[in-house]
Structure formats: structure tokens, C-alpha cells
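*Asks:* Please build the complex by placing chains D and B on the supplied structure of chain Z, with the hints as guidance.
In the order they appear, the protein sequences are chains Z, D and B. Start counting the first sequence at 1; every next residue gets the next number (my numbering). Start counting the second sequence at 1001; every next residue gets the next number (my numbering). Start counting the third sequence at 2001; every next residue gets the next number (my numbering).
Just so you know, these hints were derived from the structure itself, not from any lab. Cβ coordinates follow ideal geometry from the N, Cα and C atoms, glycine included. Keep in mind that the hints are not guaranteed to be accurate.
What the hints assert, rightly or not - Once the Cα atoms are required to be at most 20 Å apart in a straight line, the calculated SDA-like pairs of lysine to any residue come out as:
| id | chain 1 | residue 1 | chain 2 | residue 2 |
| --- | --- | --- | --- | --- |
| 1 | D | LYS1152 | D | GLU1120 |
| 2 | B | LYS2234 | D | ARG1405 |
| 3 | B | LYS2240 | D | ARG1428 |
| 4 | Z | LYS221 | Z | CYS55 |
| 5 | B | LYS2232 | D | THR1426 |
| 6 | D | LYS1244 | D | GLU1053 |
Said to hold, decoys possible - Stretches of chain Z that chain D covers, calculated by requiring three or more beta carbons in the stretch to come under 8 Å of a beta carbon on chain D:
| id | region |
| --- | --- |
| 7 | 167-175 |
| 8 | 186-192 |
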Amino acid sequence: MQQIMLLIQYTLVYASVLTLVALGGCYSERSGVINIGLEGIMVMGALGGALVLGCISPDLPGIVIFLAAVLAAIVFGMLFSLLLGVAAINFKADQTLAGTAMNMLGLALATVIVKALNIAASGGSNNSAEIAYTATREKLLLAQGTEFSMFMILTAIILAAAYVLLYKTRFGLRLMACGEHPQAANSVGISVAKMRYAGVLISGALGGIGGLVYITAGVSKANFEVGVAGFGFLALAVMIFGQWKPHRIVLAALLFGVFRALANVNNGFDFLTALNLPQPVYNMLPYIISLIVLAFTSKNSHAPKAEGIPYDKSTR
Amino acid sequence: MELKTSVGSEAKQNASEYAIEMLNITKRFPGIVANDNITLRLKKGEIHALLGENGAGKSTLMSVLFGLYQPEEGVIKKDGKEVKINDPNDANALGIGMVHQHFKLVEIFSVLDNIILGVEPNTAGFLKKQEAREKVVALSERYGLRIDPDAKIADITVGMQQRTEILKMLYRDNEILIFDEPTAVLTPQEIDELMQIMRNLAAEGKSILFISHKLNEILAVADRCTVLRKGKYIGTVDIKGTTKEELSRMMVGRDVEFVVPKKESTPGEVLFKAENLSVASKAHKGLAVKNVSFEVRAGEIVCIAGIDGNGQTELVYGITGLEPLESGKLFMAGRDKNGKDIPLSEITHLPIRKRSKLGMSHIPEDRHKHGLVLDYSLEYNFILQTYFEPRFTSGAGFLKTKAIREYADGLIEQFDVRSGQGAITTTRSMSGGNQQKAIIAREVDKRPKLLVAVQPARGLDVGAIEGVHRRLIEQRDAGNAVLLISLELDEVMNLSDRILVMYEGEIVGQPDPKTTTVQELGLYMAGAKREKNGEAN
Amino acid sequence: METKSVQKDKNFFQKLLAHPGFRSFAAALACILIGLLIGYIVLLIINPSHAGEGMSTILKNFMTRNSEKLRLKSLGNTLVKTAPLLLCSLSILFAYKAGLFNIGAAGQYVLGAGAALYCALALNMPWYVCLLAAVLAGAVFGAISGALKAYLNVNEVISCIMLNWISLYTVNSVLKDFCPVGYKDTFTLVSKNPSAMLPTLGLDGIFGNSSVTIAIPISILIAVAIWIILTKTKFGYEIKATGYNRNAAKYCGMREKQNIILTMVIAGSLAGLAAALLFLSDFSQWDINQSSVPTMGFNGIAASFLGGLHPLGAIFSAYFIQHITDGGASLDTRFYPVQIADLISAIIIYLCGFVLFIKLKMLKASGGIPQKRPDMEADIKHDAENKKGGDK
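In isolation and in its complexed conformation, chain Z is listed as follows (with noise of 0.2 Å):
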């Protein structure tokens, strides 16, 4: 019972964060630019939270750290999404190569920044790439000895204001407008650059939140050599398999978590146990589920026409 517990709440933490990150991709994707960056993205979010995480005083009330850290969060990440913006959208790079060199550059850039911080606040003697911050992130639960968290009823409003903004508003029909069909954005004088700006740094945003969730998740210290364990590219398969769609990526987020969160109670279920299942299998499991679900889905996907395609203006 205990363990099926723990299996909820893992499953729910995991679930939030791809939830956050796959709905960024989504917005990004549904206003045209592909965004394999997701991961330097969460890497950077996660930097700014574990910074005011570490930093502020854990004597404030629960609900300050939480703003702060998720605002702190957001800047991060907004900030390292406008990398993807500038070279996708104005100077009409590779989005691919753009994504790519982001996760490395978001892995290497919070390592450096934290190794730096480190080593200055040391004098030299510690060099690691950590921050901890054990103090403060139990002030951010909801019920201590548990994972549920404030980030879980974040990511609730999160969703529904992500489903309202796509669907019901100017903003979520143009935004969608310059993803399907640029040219007639543009056409009808919507500005697909500005539009294609907001994807991104609504990706960033999320990206960040999410980031900033992985590393608060179970743990109460953030190792920034190691990221995000390729979360953002889970993130995308869950986006893919959601259809791009709000409403299915909360579900395609909370089958994916389950598997993940297997991966930390497995040995508590007795008919796992009697599979006798090595250790390594489970940590797969998440990638592999998604490779076998990215097989079955792909082939009649209805992915944002225009995505991936810088937009010339003299094209239309």
C-alpha cells in the first residue's frame, strides 16, 4: 500500500514535469519552430531555481520560496530560449543544430556557472557542480514525507491556462495561424515573427518550470554535470504522442511517468520483484516505452504544418 503511494506520487512528480516541458515544445512547435533545445532549456530553468533555492533563506514562508524560485526559473529559461529564437527566427538556422548546440551549451554553461560559484565560495577547494538545498525544498511540499508538492497545482493551472490560451483565444489562433500556414498569417497581418517569439519564449518559460521541478523531485540537491537525464526529449515524445493537443499530453504525461517512476519503487511491488528484473531495465524503461509508442504514433502524426520551416517573408 505504502508502495503504491510512493508509485502516485513519483508518477505524478514525473508527470508534472513532462507535463510543463511538453506543453513549452508544444506552443513552440504550434507556432512553427522545433525546439530539440527543451533539454538546455530545463537545465537552465533548473540553474535558476537550485540558485534561489540554495540561497534564500529557508525562515520565509513556503509559498515565497516557491515564487521565487519559479520566477527565477522562468527568467533562466526565457533567457536560454531566446538563443533558439534569434537563430531560428531571425537568421533562419538549422532549428536542429540550433536545438542540439542548446542542451549542450545549457549543460555546459550551468556546470561552469556553478563549478565557478563553487570554487569562488571555497576558495579553490570544492569544485563539484552541485547545489543543495534541503532546508528549503521541504518548505515547497505539501505534506512533509511526501512528494506532492506546490508544483503539482502549478502544473494544474498550468495545463487548463495552456488549453484555455491555445483554444479560445486571439492569441492561441494566431499563434497556431503562423504554425500551420505562415504565408496566411502573414497575409492577413499578423506579424509571424512576433508570434514565433512568443512560442519560444512560452517554451522557455515552461522548459525552465519544468527543469526546476526535475531537480526538486525526490532529491534535495541538483548535480548540474549530470542535466536532466534527457527529460526534454521525453518531453517530446509525450508531445508527439499528445498530438501537439493540451488535453492528451496530460494523459500521454502521466503514462510516461508511471514508467519513470517505476524506476525508483520497482522493488517494492512483489510481482516485480518475483520478475526478477535487473535495476538497468527499469531506468530504460521510460525510453524505451517512448520509442515503441514514437513507432506506433509517428506515421499519422498531425504535426504543425510549417514547423521547421524558417518563414520568408518574400515567399508567400
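*Replies:* Only chains D and B this time, still in chain Z's reference frame:
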């Protein structure tokens, strides 16, 4: 919005005869003058045709009107007052709207969403769709534009898509409506309907600019016509006092033979046969080609006529092997690698390469999608179908550079393919007409038994079209089979020895090209008429 | 600053700029310079007093060593790692020519390492068998991504990333039984199975470095071979046609699906071979606790784009990337994190995204602007859509 009202009130004071005047417009690109001192004056409430071949400068002129390009010289006046148009938003604000040749519609959106996109009624950013719907429905009733506001664009007919585009302009209260080649995708009956809509709009006081190269339609609907040729202004004429011949002479600069002369055909043995062919659709679940049977004989041009999107594309994909068949059989006579004839035999399951080797050539519908590797040089594109042959590739798998160059130079000479640097020119930098010539050269030089030509003259100017038609007739006269897929009624009437009309994936009629009329063809193409026995033969 | 010098002798520079090879070279140089400049700024921010010294450590790499002998040995170390990096970059550029982004080179490399070391340590096989096993292992993972792309339309970037992680966990668990007790690194080949070590052909003597083996000449020969295949052969013609326009490749009867798979098989083999060349040199051992995919495959992306996607250019760019990475590793860790070299590599990759733009600017400066006509631009867009529209 402010801009519009101010311009509108001044217009009343000025009371100029013209809605829009483009005076002495000159627009240069590196190496070419796209518009050379062109003047176009659109009267209020008139339908004004803009006539010219591809490359005559029509689209550049329209781009200038929409603020996409700034002209080096010349001014634009709205209601007699000079205006500066820096981008499409300025044009929208001046009440200028356009139905583009390729519709600017978002396929996953509903008709309503497409109409309101960019001018969405909203409260604090939230859409007010009910309000929009009421206005759209009112407009569609007033102008007789039948639409379903909730249907997705992907699911509706081309005709309804076009009406959606027209409603987009009306929803924005545009006064100046531009139609860019609006009839290319319509049936003759739908064209008549569009003409009536245009007349209604003009009667309501809208000023219409009608861009076309189809003389009959201009004569039928326009009040006046401005003609461009090679970027130059040729003249503006009243339609009442002109003739088709005069217009065509102005457009081309010489007398045009509307019909390429050809001899009576003498069909021989059957070279190609399709039996009960069915092909799945790419657009929807279900069949695009339904149980189609026909044959093509040596020495005849068989033409598949029909409106775009009635299964012709899929039929060709099935015949050439680009897509698998759902059911049915294909037979073809060909030759083996030593040039020896092979009698009619089944090719249903042969891959593309084997069909090609057997003697099937394919001039594809979309030269950029299928026909060319645009980043390859001209010489590499010439060997696209034959690069693996011993004359171009050695036994060890190395390309024979010298042989390839010589071959390319030969084709360039023989087919008059013009390009900047000859054989090593990147195909992307060549003009559409010469790209098409290169494809035709490659496909014809294979000396095919069966030539499948899909809209081979698409996007070419009049002179080039004549050339393409001559090549097809040459093929026929050499005793080969030609299967022509065409959307252009003139082309169908002029070239065919037999006509098969396709409608919704079926062959619905085989009118005799000698006796049929455009009207009869149109009825078949619209599905309004059908022969009892839909099967060919 | 460059524009000024152009003005002085316009004709000469215009001629230079008109040459595509020079444009590639100049664009790469620009990326490197900007990357280094940003790296220097980062050093300044972290610790201004040692920034100059830090930068020179990165750039000089082995030249900072005290004696001729040590310098040569240190150069050897850099070369040992350049060979696999070159092969990874060849893997990526070969796939890129066919329109595929093989970010899975990293995982194919991991699997290649696992296969080579398993054959060497568990099965006691000689080096050529280990080499072959690594090639096959990489090829299999390449084939999986290729087949998923060709038949099921799975984006190869995402499938590759998943396979990267799968290969890491697999290899970690397969090799965990082959470490000395209490250690996280696998046994050295010298201690367990010297026959698995690559032959040196006397190269070890020249460099005074036992890890310098035939790996280095092999990698250069393969670069030349890839260049010949891409430019001179029927196969290269098909691969590039498929990459430029997959629909046209299908139209003219190329088996474009098989070609995609074959391309990924070759790309995977190259990455697998890369790992074998490093680990069978016994230069380093596999760390079974590593929790992220080795950066070799990712640095290959930097090397291939920096080399202008040209196999011979990759030889130089791979050396450069490895040179600064090793230089970065010898930074004084009291002042600086060694990852600054990774940072510079990542910045260079990012800047490579702008290469097309830079080249276009240079082309304009050379006066050789292609005529810009509306219909031509429509072609470009159309073509981009086709590329993306892929195999449907």
C-alpha cells in the same frame, strides 16, 4: 481603422473616378526590370482584367500594391490621393483585399476561424465567435456565397475554399478586391458561378481587379483590360471593342496559333492497359481512384481530363509505382535491356525502376517535388533516371564524369535548355520553363514506349507551351503511347486523340474530341453527366 | 573589421569570396573566433586575474609541456582522441548528406565501446574481432533509427536520443562484471587481454606514447574514403539525391527507404568504430557508473559542422575541437571548471547554425548574388516543405 475612416471621408470629397491608380511603377531586381514604367488604373465599380504571361510582371505589380516591394519609381493613389503602402497591413487598412491563386487558408481551422483570423472580435483577448458567426452568415447570404462556417478547410471543396477567401475580404469591408488567377481550380460551371459573384460584387460598388491569362474569361466578365508583357506596359483596352486575337497579340507580341497542327492518329497495338485500378487517397480515408480501366495504344494521345483533385494524381502515382495499388492490374508492353520488344505483360508489382527500364517515362505533376533535385547541377539531373547505366557508372560504382558531361551538353543543345553555366548550373537557379524543358528532355530521351505526362505545360508561357505540345505529338507520331493528364480544357481539346473524364475517382465519360464541346466536358467534369457504362473501351 | 580590408583590395577579396571553399573556411574561422572570444569573456568573469593564462592553456594544449618528449607524448594523447572524434563527425556528416541528423552517434559510440570491450574482456578476442563487433553494434543501432524513420516516420533525432540512453544503461550493466574489485573503471586491456590492443606499427615509438596506434591513420583513410564515396560514386549520388529531395529520389526509382537505412547503418558503423579505436588503444577504460552519455558523439556534431560538412575539413576541425578540449582539461581547477572547453565547443556548434547566413553575406560581398526573383524563392520554400514532408 483610423486610417481607413479618414481616407474614406476624403474620398467623398475628392470623388475621384478611380479607386486605385498605380502610376508609372518601375521595380528592378538585380539583372531584371520586373516592372518597367507600368500604369494601372482601376475605376470604381468596374471589373478590370490584368493580362499577361507568366513572368510578365503581374505578381510583382501586385506585390508592390500590397507593400511587399517598394517600387524604385512611381506612385500609388487611392481615390485620387497619393498613399504610401509599406506592408500588407497598410494595404488592408486601405481596403485592398486579395484572393490568392494558392489560397491562404489554414487547413485545420474552420471556415469561420479563417475568415476572422487577424481581425478577431474579442473581449480582452477572448474570442467572441458568436458575433463573428452572425456577421459571416449575413454576408454570405447577401452575396450568395454558400459556405458552412463550422466545416474544416481540409474537408471542403475548392469552390467553397474560394468563397471563404472572398468572405475574408468582405468581412474586412474591403472595397478593392483582387482575384489572382481564380479559375484555375474550378469547373466550367463553378467558373460561371464565380463570374456571377464577381458581377454581383461590382454591382454592389466593389472594384475588382481580375488577374488572368485566360482570354475567354476576360472577355466574358471584364469591363476593361490592362496588358503586360515582359515587365512592360502594353496598353489598356475596353473589352467591348476588342477581340480574343487582339488581346493575345498584345499579350504574346505576335500571332499565336491556338492549335498545334497534328495529323490524324493511327492507333496500333495496345501498349498499356489498366484493369479495375483502385488507389487509396492521400487526403482522406477511402479510395481516390475507384475501379478504373482503360488502355492506351501505340500512336495515340489519351487524355485524362478533370478538375484537380478528382483522383488524377493518385492514378498517376499508381501507374508509375509511386504508391501501391489497392487493387487492380497494370499491363505494359516494353523493351528489355537489349532493346528487344517485350509484349504486353503484367507490371502491377514492378518497382518504379523496373517500370522505367521497361520504357515508361513520367513527366511529373510537380517538377520541384518529384521532377528535379534542385540542388544538383543540370547534368546530374539529366541522369536522374539513368545514372546507374554502364554508360554513366563504371563496374566499380564510380560515376563517369566525362560521359555525363558529354551527354548533358548533347541534351542542352538538342532541347534548347538555357541556363547560366550550362551543364554545371545548379537547377535551382534556372527558370521554370527551362527546368521543365530539362525534365522533358530527360524523359523523352529515354525513348519511352509509354510517356505519362502530367500537366506538362503547367506554369509555362505560350511559346513554351507550343514547344511542349509539339514534343508530345512527336512521341505519338513515333508510334509510342502518350497518357496526358491535364486540367486545361484547351490542352485537352487540342491534343487528345481520346478523352477520358475523371470525376471523384471514376471515369465518367469518354467524349469524342472531334465532336465534344467545352460545355459537355464541363458537365462530365462536374459530375453532372455520366455515361451509362463508366468503363473505357 | 573584415569589410574594411575588403574595401582596400576589392577585386582580390571578391575573388576569394566567390570561391565556395574559401567561404566555408572563413565562416568556420569566424565561428571559432567568436566562440573563443566568448570563452575568454567567461574566463574574465569567473576570475579576471588568471583569464589570459587560462586562455593560453586552452589554446596551447600540449605546447605547455616542459620537454620535447612530453610535448610529443601529449600531442599523441590528443591525436588518440582525435581519431574517434573524427569518425563521429564523419558519421554525422554522412547522415546529414542524406538529410538525417544522426545525434545518435553518441549512443552508437557507447554501444560500440560496450561491444569492443565485451569481446576483449569477456570473450578474450583479438583486436580485429573486437573492432568488427563494435562496428556491427553501432550499425545495428543505426539501422533501428533508420528503419523507424523510413517505415514509421519516427523523427530520427528523438529515436536517436532514446537509443542513446538505452545504450548507456545497457553497456553500464553489461560491463559491470569486468572491473577490478572496488573500481568503477573496466580492466585495462594490457592487464587482461593484450591481443585486443590495436597494432601500433611503430607509431607508439615515434610519439613515446603506447596509446598511439593505427587508429590515427585508419581514421584519416576513412575520411578520404567517405569523401570519395560522396563525390565520385553512384552510391554517393543516390545518398545526396535522397538528402536533397527524397521525393525525387523515389520518383526516379532509388530505393529511398533502403537508402535511409543503409545511410544510418554506415553512420552507426562509423560511430561504433570510433569507440573501438579509442578503447582498443587502451587509452581509457569504461566507467560503469557514468550517468550521462559520453560527449564524444556530440562533439562530433561540432566537428562536422565546423568542417563545413566536408570529410576532409572534418580532419582539421576534429583536431581543433579535441585540441581545445584537452587544453581545457589542463586548466587549473583551483580557478576554473574544465567544462569551459565544452562551453566553447557548444558555442561553436551554435554559431555553426549561422554559417549559411554568413556564407550568404559573403556571397553578396563578392558581388555574386544570385538573381533574386520571387519565383525562385518560392522554389526554396517549396523545397523545404518537401524535405520535411518526407516519405509520405
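*Asks:* Next step is simple, just say for each hint if it's right about the structure.
*Replies:* Checked hints:
no., hint, result
1, D:LYS1152 to D:GLU1120, "holds (18 Å)"
2, B:LYS2234 to D:ARG1405, "holds (15 Å)"
3, B:LYS2240 to D:ARG1428, "holds (15 Å)"
4, Z:LYS221 to Z:CYS55, "holds (13 Å)"
5, B:LYS2232 to D:THR1426, "holds (18 Å)"
6, D:LYS1244 to D:GLU1053, "holds (15 Å)"
7, 167-175, "holds (count 6)"
8, 186-192, "holds (count 5)"
In summary, this structure violates none of the numbered hints.
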